[in-house]
Amino acid sequence: MATMNMIQALNSAMDVMLTKNPDVLIFGEDVGYFGGVFRATDGLQKKHGVQRCFDSPIGESGIVATAIGMAAYGLKPVIEIQFADYIYPAYDQIVSAAARLRYRSAGDFTAPITLRSPYGGGIFGGQTHSQSPEALFTHVCGIKTVIPSNPYDAKGLLISAIEDEDPVMFFEPKRIYNGPFDGHHDRPVQPWSKHQASDVPDGYYTVPLGKAAIAREGNDLTVIAYGTMVHVALAAAADTGIDAEVLDLRTLIPVDIETIKASVEKTGRCVIVHEATRTSGYGAELTALVQEHCFYHLEAPIERVAGWDTPYPHAFEWQYFPGPGRVSAAMRRAMEG
Amino acid sequence: MSTAPVLPNKPQLKLHIPEPKHRPGDKPDFSHIKVPKAGEIRKPDINVAAKDTLDIAYSFIRVLGEDDKAHGPWDPKVDVETLKRGLKHMVTVRAYDARMFAAQRQGKTSFYMKCTGEEAIAVAQSAALDPEDMCFPTYRQQGLLISRGYPMLDMMCQVYSNERDPLKGRQLPIMYSSKKHGFFSIAGNLAMHYSQAVGWAMASAYRGDDRICAAWIGDGSTAEGDFHTALTFAAVYKAPVVLNVVNNQWAISSYQGIAGGDESTFAARGIGYGIPALRVDGNDFLAVYAVTKWAADRARANLGPTMIEHFTYRVEGHSTSDDPSRYRPTDEAKAWPFGDPIERLKKHLIALGRWSEKEHTDMEAAIAEDVRNTQKEAETYGTLGSGKTASVKTMFEDVYKDMPWHIRRQRQEMGV
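Protein chains in written order, with my numbering: chain A, 575 to 911; chain B, 28 to 443.
If a hint is listed, it holds; no wrong ones were tucked in.
Chain B regions said to be covered by chain A (calculated; three or more residues, Cβ under 8 Å): (1) 206-213; (2) 258-270; (3) 430-438.
To list a few chain B residues with every Cβ distance to chain A over 12 Å, as calculated: (4) 287; (5) 324; (6) 400; (7) 403; (8) 415.
These are calculated hints, taken from the structure and not from any lab test.
This one's a predicted model, so the numbers in the text were calculated from it and none came from an experiment.
We treat Cβ as the ideally placed atom computed from N, Cα and C, and that holds for glycine.
Chain A on its own, in the form it takes in the complex:
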């Protein structure tokens, strides 16, 4: 057991898998010798060799396409798209090829790639280093979408993703790489070392895909969140004093409907939170699911808190970011409804 931040935990997951499975290899922009712009692959090339962890050209569609070809061959490529904002050149390869290869070949060929990508705002990255494009992928059948919220889960989920036999989009909330940011941007930064989830086993373990976690148990209201917003929701619960149950989805597709159902049936109230823009965001899907599965238990309209429907503005980071103030307000509305 060691104390790890999220980057160290992700690095450890890849290290474990490179050691365990010779079919695992890692590539992407700047991931080799340098170890990645966020240091997630630091030291892996040196330890495992240049063929196991190497730099790619700046060509996201090529990174994904070659990974698909490798997976079709029988390897387990783990690729990094440096920022989720740069994933769009690869969108066709993900949607038209990776997601559908198993289906269109009736199981003959498969593309079990793991695509890691830092996403989300809160780092003054402006509109090209802050986006949360997860809903563009949850809408696509044939791929899984995973978003961890802490070091322990990040490692266990990444190992599960690499071992999974389907393509997995693994979005990493980069604002919480170094600490559990709760949206109170004017307060001192908290390191992971003070958080329980920074206790990470050195070796192999998994956190299963498709299973949500309960980040905080509560009786009065359910907050459904993932990634950075889990910590924001916890802060909002503390700020408001509302006995909220905070769900950390961990996997968006396939989503853990049973945990959602059990919680909303218990509390009768639901707030859905994400950083991504609101319209047609994943929150819309969650709202529909809660409505379909828990309608007769609801005592108030479902609330959604999300990024505004604008590009991510550099100068207005904290007006844009759905911080604890906005989440708290939504929680209060849901309690009054």
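On the provided structure of chain A, position chain B as indicated by the hints.
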């Protein structure tokens, strides 16, 4: 009313829109294509630098001459049995195409695509590659499947989307897939597979395997980013891959100039990436065989990728949904200066004294009979719309390895 601005001392700019030389009603004339004599083009060592293939990328490697004999350094000196097998496979492809095209016209399927005039490419390349080598084809390389012994019955059942369709009715006809035959699942999204093929080749090299990879793309879709991405990645990692461009002159109604073929050759694209490039008479079975062998030898020797442009002509429409008489002269194929691949190989075998018109006619008849019988058998499993399909339940399978709850629920909602 807007008028062009008058800028003194500067010439007025003009937007160039490429146009093919001939449109319906014109007399086709290909005299602008400089066709070298068979045997005229040199054969470099496989260790050649990309820049030293420039002349070849702008000419045509040809082996079969006007005298129906093999000439020059590219003569692969293939044994007669291989040639006869190639001829048989090409005739089979053409017969298969004819039956399936007709089946579409009879309403037995929704769609079909022929490769008439281009048969030598897939068939000769299949003969030159090892059976274990991996292929990432387009929809005009059905010859690979036929050469590699994939059952024609399965091909037909796939075209019919019937109850025996190996792809369970999920794919458009002709989008075959067979891992066992080293034939990657075809997609309608053109060019995407080209860079995937590079990844497959990289994986083979990573594993220290001895299998190489080959990929095909049409002239039209070389304009896609994936083509250029594939060349970059293939060059960077010296991937053991043979990158083929089948320039059949037409991408649906757009002539190859719309893909940039007027300004340079497609083969020459490779040189800019550091990939040795060959341009070959794609209707010359021996030449196609020879260049493929050369490229495969390069890949096997860890010398990396090779770009091959196969210069050919799409004799038929793009698909059953196309009417080429709307955009090109109907007799263009007859004027094509590189002839017909089947006819040329047949004449070569006759010139060698190892084949005759009678044997050829008999073979054609026997193959036509076989194809007809296979078609009859395929139709016992159903044709599109006959109601004989895979179980509709299977529609929900293979989206993921294990069916997640939400898809299971949708299946239940459908009541199956």
